[in-house]
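Here the protein sequences come in this chain order: L and H. At position 159 of the first sequence the residue is numbered 158 (numbering that gives the first Met the number 0), and the sequence of numbers has no breaks. At position 75 of the second sequence the residue is numbered 74 (numbering that gives the first Met the number 0), and the sequence of numbers has no breaks.
There could be a bad hint or two in this list.
Unchecked claim - Result set (DSS-like, lysine-lysine): computed pairs, CA atoms no more than 27 Å apart in a straight line:
| no. | chain 1 | residue 1 | chain 2 | residue 2 |
| --- | --- | --- | --- | --- |
| 1 | L | 274 | H | 156 |
| 2 | H | 80 | L | 239 |
| 3 | L | 305 | H | 105 |
| 4 | H | 121 | L | 259 |
| 5 | L | 272 | H | 121 |
| 6 | H | 137 | L | 242 |
| 7 | H | 137 | L | 274 |
| 8 | L | 242 | H | 8 |
| 9 | H | 105 | L | 239 |
| 10 | L | 170 | H | 105 |
| 11 | H | 121 | L | 274 |
| 12 | H | 63 | L | 259 |
| 13 | H | 150 | L | 234 |
| 14 | H | 121 | L | 191 |
| 15 | H | 135 | L | 242 |
| 16 | H | 73 | L | 272 |
| 17 | L | 189 | H | 156 |
| 18 | L | 272 | H | 145 |
| 19 | L | 242 | H | 73 |
| 20 | L | 239 | H | 137 |
| 21 | H | 8 | L | 272 |
| 22 | H | 8 | L | 274 |
| 23 | H | 148 | H | 73 |
| 24 | L | 305 | H | 137 |
| 25 | L | 274 | H | 105 |
| 26 | L | 305 | H | 80 |
| 27 | H | 156 | L | 186 |
| 28 | H | 150 | L | 242 |
| 29 | L | 170 | H | 150 |
| 30 | H | 73 | L | 305 |
| 31 | H | 135 | L | 170 |
| 32 | L | 272 | H | 63 |
| 33 | H | 150 | L | 274 |
| 34 | L | 272 | H | 156 |
| 35 | L | 170 | H | 80 |
To be verified - Some, not all, of what chain H presents toward chain L, calculated at C-beta under 7 Å:
| no. | residue |
| --- | --- |
| 36 | 86 |
| 37 | 88 |
| 38 | 92 |
| 39 | 115 |
| 40 | 118 |
It is worth saying that the hints were derived from the structure and are not from the lab. Note that the Cβ used here is the ideal one computed from N, Cα and C, for glycine as well.
Residue-level listing of the chains:
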Amino acid sequence: MKIILVGFGVIGKGVAKVIESKKEYLKSKYGMDLKVVAICDRSGSAIDENGLDLKTALKIKEETGKIINYPEKGTNLSIIETIRSIDADAIVEATPTNIETGEPAKTHIIEAFKSGKHVITANKGPLALYFKELMDCATKHDRIFRYEASVGGAMPIINLARDTLAGNEIKEIKGILNGTTNYILTKMEKEKLDFDTVLKEAQELGIAETNPHQDISGLDTAAKIVILANSIMNKNVSIKDVKVEGITRITPEALTMANKSGYTIKLIGEVNKNKLEVSPKLIPIDDPMNVKGSLNVAMLNTDLAKEVVVVGRGAGDIETSSAILSDIISVYLRIKNE
Amino acid sequence: MITLDLELKDVPGELIRALTPISNMGVNIFSVIHLREKKTDGRVPVRVVINDIDNELLTNVINKLEEMDIVITKVNETIRKTDIDIVVVGHVVDTDVRDTIDRLNKYGIVVDLDLSMPDPFKESSARMKVIIETDKLKDFCNELDKISKEKNLLFIKSF
Chain L
0 MKIILVGFGV
10 IGKGVAKVIE
20 SKKEYLKSKY
30 GMDLKVVAIC
40 DRSGSAIDEN
50 GLDLKTALKI
60 KEETGKIINY
70 PEKGTNLSII
80 ETIRSIDADA
90 IVEATPTNIE
100 TGEPAKTHII
110 EAFKSGKHVI
120 TANKGPLALY
130 FKELMDCATK
140 HDRIFRYEAS
150 VGGAMPIINL
160 ARDTLAGNEI
170 KEIKGILNGT
180 TNYILTKMEK
190 EKLDFDTVLK
200 EAQELGIAET
210 NPHQDISGLD
220 TAAKIVILAN
230 SIMNKNVSIK
240 DVKVEGITRI
250 TPEALTMANK
260 SGYTIKLIGE
270 VNKNKLEVSP
280 KLIPIDDPMN
290 VKGSLNVAML
300 NTDLAKEVVV
310 VGRGAGDIET
320 SSAILSDIIS
330 VYLRIKNE
Chain H
0 MITLDLELKD
10 VPGELIRALT
20 PISNMGVNIF
30 SVIHLREKKT
40 DGRVPVRVVI
50 NDIDNELLTN
60 VINKLEEMDI
70 VITKVNETIR
80 KTDIDIVVVG
90 HVVDTDVRDT
100 IDRLNKYGIV
110 VDLDLSMPDP
120 FKESSARMKV
130 IIETDKLKDF
140 CNELDKISKE
150 KNLLFIKSF
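Modelling step: build the complete structure from the supplied sequences, incorporating the hints.
Below, the structure is given as structure tokens:
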């Protein structure tokens, strides 16, 4: 199976590391000979139809920051040109998320479908803004579109609902979908520190970004709850339809108040028949949804299986790449049988 | 059989006080079960199973119990009243806390208000419990949204 890796930042490199470490396992368990025939970043593309050497690619990126420096195989072919012209079964779209425009990922995805390639992505932006349009494009070109890694990182949710809980009607989804804000709230509660102090510490540890706006404003959770609403509950909503409240007003006193009544405060994304919202909520202290640190959790309320709760790591290069690998294997197994 | 879920105050004699009028109205009590651990505000949930009675008698029983300040949260599968907790962040007192409570009392009963003001110039936090009929929940939420915008208060809800 041949794939093009679009984007070679934190996630792209994570995917390369994971594929490299699982090469033998994939061959022996699935009979899959997985080749990365192109890797693109902003500098250009490295291309080899026999498969690039991933160790070399990672080394070049670490040392020079540009994949175009890959010995002999580096070209200044743009991402779009690479997607259009190189022969591959699928692309892995791992460029940075833009929650306002969804670009350039949206264009990459559409070009991939048009040139007969399946798409696997971790990118929330285009999914939160243009879900139906992208699904229709995939259907029109009869291509597979998988995006487990876009919500909850390593925590299984989308494929869990679609495959393992098949036959169930999902009536409600509720979850803690952003690890940065969960880390902040957990720390504030445990150490009775104010928001600004804990945010600064989180930034120093790399748990919060230099510009943490998307996380603390609830927009990141909003994008994810929209993806879940559309993919699992068949809604047709976008991030603009979500009622969003972030965590910037939470104080240690508020957390103490909540504790007095047997609750904690968490940033919850929620979708059901009547609700599509992200806001801080009171969660009972002994509720399975009360997960600490930067973990994510999701509760699916189904008609037959009732409540199903999953907990997992919501971020991390290797963790998120595990979800991408799962989707790659899934695409491979489907096209193998056709 | 009809199941009534009640919430009793945790004081001696409260259970007998609740069961006596039921029995006096000619209703057979099949069983009385304590539902789960005591709730955080000290009320005790109890399930009383009675024989089938007509709607009129059932309404009389319910009214009599409510007159005695006993909360009936569920009749069979129908949840009548639920209690919700809210933590409020903002200038809770300075934005006329009396008015806030009065407006919420139109939909439910605010019980148990607790206030924390770390600094007169900073935002304060409050917590309250509201006992509310489930069919009033939507209007209650709309009122919370209105108050939130007008008074710049953040309501953190348990539901």
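Against the structure, the hints come out as follows:
Restraint check for residue 274 of chain L and residue 156 of chain H: satisfied, since their Cα atoms lie roughly 14 Å apart, inside the 27 Å limit. With a C-alpha separation of about 34 Å, the suggested pairing of residue 80 of chain H with residue 239 of chain L is violated against the 27 Å cut-off. With a C-alpha separation of about 34 Å, the suggested pair residue 305 of chain L and residue 105 of chain H falls outside the 27 Å cut-off, and the hint is violated. The suggested pairing of residue 121 of chain H with residue 259 of chain L holds, with an alpha-carbon distance near 21 Å, which does not exceed 27 Å.
For the given pair, residue 272 of chain L sits about 38 Å from residue 121 of chain H by alpha-carbon distance, which is inconsistent with the 27 Å threshold. Restraint check for residue 137 of chain H and residue 242 of chain L: satisfied, since their Cα atoms lie roughly 16 Å apart, inside the 27 Å limit. For the proposed pair residue 137 of chain H and residue 274 of chain L, the alpha carbon gap of about 11 Å is at most 27 Å, so the pair holds. Annotation: proposed proximity of residue 242 of chain L to residue 8 of chain H is violated, straight-line Cα distance about 38 Å (limit 27 Å).
Restraint check for residue 105 of chain H and residue 239 of chain L: the C-alpha separation of about 32 Å exceeds 27 Å, so the hint is violated. Distance restraint check for residue 170 of chain L and residue 105 of chain H: the Cα-Cα separation of roughly 30 Å exceeds the 27 Å cut-off, and the hinted pair is therefore not satisfied. Taken as a hint, the residue 121 of chain H and residue 274 of chain L pair is broken in the structure, with Cα atoms around 32 Å apart against an allowance of 27 Å. At roughly 33 Å between alpha-carbon atoms, residue 63 of chain H and residue 259 of chain L are farther apart than 27 Å, so this suggested pair is violated.
Under the criterion of a C-alpha separation no larger than 27 Å, the hint pairing residue 150 of chain H with residue 234 of chain L is inconsistent with the structure, at around 33 Å. Taken as a hint, the residue 121 of chain H and residue 191 of chain L pair is honoured in the structure, with Cα atoms around 16 Å apart against an allowance of 27 Å. Under the criterion of a C-alpha separation no larger than 27 Å, the hint pairing residue 135 of chain H with residue 242 of chain L is consistent with the structure, at around 21 Å. About 23 Å separates the Cα atoms of residue 73 of chain H and residue 272 of chain L, which keeps this hinted pair within 27 Å; it holds.
Distance hint between residue 189 of chain L and residue 156 of chain H is fulfilled; the C-alpha atoms sit about 21 Å from each other, no more than 27 Å. This hinted pair checks out: residue 272 of chain L and residue 145 of chain H have alpha carbons roughly 22 Å apart, not beyond 27 Å. Pair hint residue 242 of chain L plus residue 73 of chain H does not hold up; C-alpha atoms about 31 Å apart against a cutoff of 27 Å. A distance of roughly 22 Å separates the Cα atoms of residue 239 of chain L and residue 137 of chain H; the hinted pair therefore holds under the 27 Å criterion.
Among the hinted pairs, residue 8 of chain H with residue 272 of chain L is inconsistent with the structure: their alpha-carbon atoms are about 36 Å apart, more than 27 Å. Between residue 8 of chain H and residue 274 of chain L, the direct Cα distance comes to roughly 34 Å. Violation of the 27 Å bound is thereby established for this hinted pair. The hinted pair formed by residue 148 of chain H and residue 73 of chain H fails the criterion: a straight-line CA distance of about 33 Å is larger than 27 Å. Distance check on the hinted pair: residue 305 of chain L and residue 137 of chain H sit about 24 Å apart at the alpha-carbon level, within 27 Å; holds.
Distance hint between residue 274 of chain L and residue 105 of chain H is fulfilled; the C-alpha atoms sit about 23 Å from each other, no more than 27 Å. Pair hint residue 305 of chain L plus residue 80 of chain H holds up; C-alpha atoms about 23 Å apart against a cutoff of 27 Å. For a cut-off of 27 Å, the pair hint linking residue 156 of chain H to residue 186 of chain L stands: about 21 Å separates their Cα positions. Among the hinted pairs, residue 150 of chain H with residue 242 of chain L is consistent with the structure: their alpha-carbon atoms are about 18 Å apart, no more than 27 Å.
Between the alpha carbons of residue 170 of chain L and residue 150 of chain H the distance comes to roughly 34 Å, so the proposed pair goes past 27 Å and is violated. Between residue 73 of chain H and residue 305 of chain L, the direct Cα distance comes to roughly 21 Å. Compliance with the 27 Å bound is thereby established for this hinted pair. With a C-alpha separation of about 22 Å, the suggested pair residue 135 of chain H and residue 170 of chain L falls inside the 27 Å cut-off, and the hint holds. A distance of roughly 37 Å separates the Cα atoms of residue 272 of chain L and residue 63 of chain H; the hinted pair therefore is violated under the 27 Å criterion.
For a cut-off of 27 Å, the pair hint linking residue 150 of chain H to residue 274 of chain L stands: about 23 Å separates their Cα positions. A hinted pair counts as satisfied when its Cα atoms are at most 27 Å apart, and residue 272 of chain L with residue 156 of chain H qualifies at roughly 19 Å. Note on residue 170 of chain L and residue 80 of chain H: the hinted pairing holds, with a Cα-Cα distance of about 22 Å set against a maximum of 27 Å. Restraint check, residue 86 of chain H versus chain L: the minimum CB separation of about 5 Å is within 7 Å; hint holds.
The criterion of a C-beta within 7 Å of any C-beta in chain L is met by residue 88 of chain H, whose closest approach is roughly 5 Å, and the hint holds. For residue 92 of chain H, the interface hint is violated, the least distance from its beta-carbon to any beta-carbon of chain L being 13 Å, above 7 Å. For residue 115 of chain H, the interface hint holds, the least distance from its beta-carbon to any beta-carbon of chain L being 5 Å, beneath 7 Å. Among the interface hints, the one on residue 118 of chain H is violated; its C-beta lies about 10 Å from the nearest C-beta in chain L, farther than the 7 Å criterion.
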